[in-house]
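Given chain A's structure and the hints, the job is docking chains B, C and D onto it.
These protein sequence lines are chains A, B, C and D, in that order.
Here the first sequence is numbered in my numbering, starting from 30 and rising by one per residue.
Here the second sequence is numbered in my numbering, starting from 30 and rising by one per residue.
Here the third sequence is numbered in my numbering, starting from 30 and rising by one per residue.
Here the fourth sequence is numbered in my numbering, starting from 30 and rising by one per residue.
Check each hint, because a few of them may be wrong.
Identical chains blur together in the list; that is why a pair holds if it fits in one copy or across any two.
Below are the DSBU-like pairs computed for lysine-lysine, each with C-alpha atoms no more than 30 Å apart in a straight line [unchecked claim]: (1) Lys84 to Lys124; (2) Lys84 to Lys175; (3) Lys156 to Lys139; (4) Lys143 to Lys156; (5) Lys80 to Lys41; (6) Lys35 to Lys139; (7) Lys156 to Lys84; (8) Lys118 to Lys84; (9) Lys84 to Lys35; (10) Lys156 to Lys35; (11) Lys118 to Lys143; (12) Lys41 to Lys124; (13) Lys35 to Lys150; (14) Lys156 to Lys45; (15) Lys80 to Lys143; (16) Lys41 to Lys139.
Honestly, the hints are just simulated from the structure, not real lab data.
These numbers were taken from a predicted model, which means no experiment stands behind them.
There are 4 protein chains.
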Amino acid sequence: MSYSGKTFPEFKVGDKLVSPSITVTESHITLFAGLSGDFNPLHTNEEFAQKMPFKGRIAHGMLTVSMESGFIGMLLAGTAIAFLEAEYKFKAPVKINDTIHTELEVAETKPVQKYDGGIVKFNMQIKNQRGETVVEGYATVMVSNKRPS
Amino acid sequence: MSYSGKTFPEFKVGDKLVSPSITVTESHITLFAGLSGDFNPLHTNEEFAQKMPFKGRIAHGMLTVSMESGFIGMLLAGTAIAFLEAEYKFKAPVKINDTIHTELEVAETKPVQKYDGGIVKFNMQIKNQRGETVVEGYATVMVSNKRPS
Amino acid sequence: MSYSGKTFPEFKVGDKLVSPSITVTESHITLFAGLSGDFNPLHTNEEFAQKMPFKGRIAHGMLTVSMESGFIGMLLAGTAIAFLEAEYKFKAPVKINDTIHTELEVAETKPVQKYDGGIVKFNMQIKNQRGETVVEGYATVMVSNKRPS
Amino acid sequence: MSYSGKTFPEFKVGDKLVSPSITVTESHITLFAGLSGDFNPLHTNEEFAQKMPFKGRIAHGMLTVSMESGFIGMLLAGTAIAFLEAEYKFKAPVKINDTIHTELEVAETKPVQKYDGGIVKFNMQIKNQRGETVVEGYATVMVSNKRPS
Chain A
30 MSYSGKTFPE FKVGDKLVSP SITVTESHIT LFAGLSGDFN PLHTNEEFAQ KMPFKGRIAH
90 GMLTVSMESG FIGMLLAGTA IAFLEAEYKF KAPVKINDTI HTELEVAETK PVQKYDGGIV
150 KFNMQIKNQR GETVVEGYAT VMVSNKRPS
Chain B
30 MSYSGKTFPE FKVGDKLVSP SITVTESHIT LFAGLSGDFN PLHTNEEFAQ KMPFKGRIAH
90 GMLTVSMESG FIGMLLAGTA IAFLEAEYKF KAPVKINDTI HTELEVAETK PVQKYDGGIV
150 KFNMQIKNQR GETVVEGYAT VMVSNKRPS
Chain C
30 MSYSGKTFPE FKVGDKLVSP SITVTESHIT LFAGLSGDFN PLHTNEEFAQ KMPFKGRIAH
90 GMLTVSMESG FIGMLLAGTA IAFLEAEYKF KAPVKINDTI HTELEVAETK PVQKYDGGIV
150 KFNMQIKNQR GETVVEGYAT VMVSNKRPS
Chain D
30 MSYSGKTFPE FKVGDKLVSP SITVTESHIT LFAGLSGDFN PLHTNEEFAQ KMPFKGRIAH
90 GMLTVSMESG FIGMLLAGTA IAFLEAEYKF KAPVKINDTI HTELEVAETK PVQKYDGGIV
150 KFNMQIKNQR GETVVEGYAT VMVSNKRPS
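If we strip away everything but chain A, and leave its shape as in the complex, we get (with noise of 0.2 Å):
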């Protein structure tokens, strides 16, 4: 087994991570909607949503919003212990073909002796290829203090 997740020890309250880029496709979108059965016409209906202030379909908030989730987890990959808590502010439309990141910032740590690791609380942001901020919020783990041997 190997893993490279970072232990709780390695994260300081300022640092700063980012995530690589992906592009939302309409393969995303469809595959979503089946997944979470959120077949909203805003999602899934091109004529429907031409008509919308959005003029076309737009990526699920939750689609979004689970692709810098996998960021997380995967920073964390053999090292969380436990997913918490996150808010979510959505702050502008994530378009079919629009590529976006994720930019963390860890915003607190706190030691908790029971699970020999820690919480961590990241302050994010999700931005698209115009460096506009498409999501922004936080998310909080419990982090161990070791990596898996």
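Quick look at chains B, C and D alone, frame taken from chain A:
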């Protein structure tokens, strides 16, 4: 075009709404890992997960709340204007083959003339087949006064 | 548990029901090919399909009617007992990015005491964004007299 | 380009064709629910389905026949011109992990000069691993006289 989503005036503070239940399968987790990029071993490595506190792979927290968001998306099919904000507190794991549903309560409503609609805030709980709360939080959505004709 | 499917007594001959519309994407076709095993070049090979009468890849007929069956499945969420019979006549192709919906009309109802419900026969048309009928046929379903409590 | 689909003149009334068998898994059902939008609890909610006559989740009828149609699609790879018509009678449920196959018999053939091909009508049965018929019906397809060169 025919959408049955509820309009803004149809929501009253205190209204309760209960989603259908769905069984969370290994397939959901595999598909969600692929979509989100979150291959954290808590979700994808049974050998690893067996040694962790939850004794087996668990669903991604974001998968669980995505299913909940699907209920809101369909509740507002044709009437949602935008998803504004959400907060989630993860209280207990969702294990493979757990059957979950969402309970919503309308916590606030606030008309917004500019959008010919208003903001609805739902308090939310996701529960499993034993009635245990696995996630609690809220979601805030901009909803139209009218259904599309 | 909360299902809003219609019960048998709620269907009357002549009732009309119209589904939401959905845009059929390349992703749907790719996924359906994988699920059905139908990689016929009319659906999966753009070079081949460009030389055929429809000038480009078309959706599998069974994908189109599966989407229609999804509407019936949700109309009877919690009240369907069994899907009995269906007939489909494919009238026109569904091309990538066409937006389709289903129109049902209750053609017959017949109580069946043994199942505490009855048989509902729907005449069905699937139409595209120009109002052209792409499929017509019928579907027959055994529906319960009661919603699950 | 190389396709081995059968041409119209290669079909004779009375010909029998048997598909490979395939095991229908939970994953097929999860994916088909997402594609079709059919989250009926007979297919997606194990708690609900356990209380129903079939004692557990069953495959969507349209998933079963989509797999059968995949066999026809591949039988006519490069030679199918259009899928014309189909009828299905659902005789017994397909449960998770059942292994199904399709048996076709050529019932009619009719040349159509305009398309340089003809119509083939197949009578069809889908059977499970115990030899029980789960679906019967027919499918009618326009087939070319020639293979693409």
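Give the relationship of lysine 156 and lysine 45 under a CA distance limit of 30 Å: within one copy only, between copies only, both, or neither.
The answer is within: 15 Å in one copy meets 30 Å, while 35 Å across copies does not.
At most 30 Å between C-alpha atoms: does lysine 84 with lysine 175 qualify within a copy, between copies, both, or neither?
So lysine 84 and lysine 175 pass the 30 Å test across copies only (19 Å; inside, 48 Å).
State whether the alpha carbon distance between lysine 143 and lysine 156 is at most 30 Å within one copy, between copies, both, or neither.
between (36 Å within a copy, 26 Å between copies)
Is it within, between, both, or neither for lysine 84 and lysine 35, if the alpha carbons may be no more than 30 Å apart?
Result: close only across copies, 22 Å inter versus 41 Å intra.
Using 30 Å as the alpha-carbon threshold, which applies to lysine 156 and lysine 35: within, between, both, or neither?
both (23 Å within a copy, 25 Å between copies)
With 30 Å as the alpha-carbon cut-off, assign the pair lysine 35 and lysine 139 to within, between, both or neither.
within (15 Å within a copy, 32 Å between copies)
Have a look at lysine 156 and lysine 84 and pick one of within, between, both or neither, based on CA distance no larger than 30 Å.
Both ways: lysine 156 and lysine 84 sit 20 Å apart in one copy and 23 Å across, limit 30 Å.
Is the C-alpha distance from lysine 84 to lysine 124 at most 30 Å within one copy, between copies, in both cases, or in neither?
both (9 Å within a copy, 21 Å between copies)
Classify it for me, lysine 118 with lysine 143: is the Cα-Cα distance of at most 30 Å met within a copy, between copies, both or neither?
between (32 Å within a copy, 20 Å between copies)
Alpha-carbon proximity between lysine 156 and lysine 139, which holds within one copy, between copies, both or neither at 30 Å
Close inside one copy (28 Å) and across copies (29 Å); limit 30 Å.
For lysine 35 vs lysine 150, is the C-alpha pair at or below 30 Å within one copy, between two copies, both, or neither?
both (14 Å within a copy, 29 Å between copies)
Go through the copies and call it for lysine 80 and lysine 41: within, between, both or neither, with a Cα cutoff of 30 Å.
between (47 Å within a copy, 28 Å between copies)
Hint compliance for this structure: hint 12 is the single one not met.
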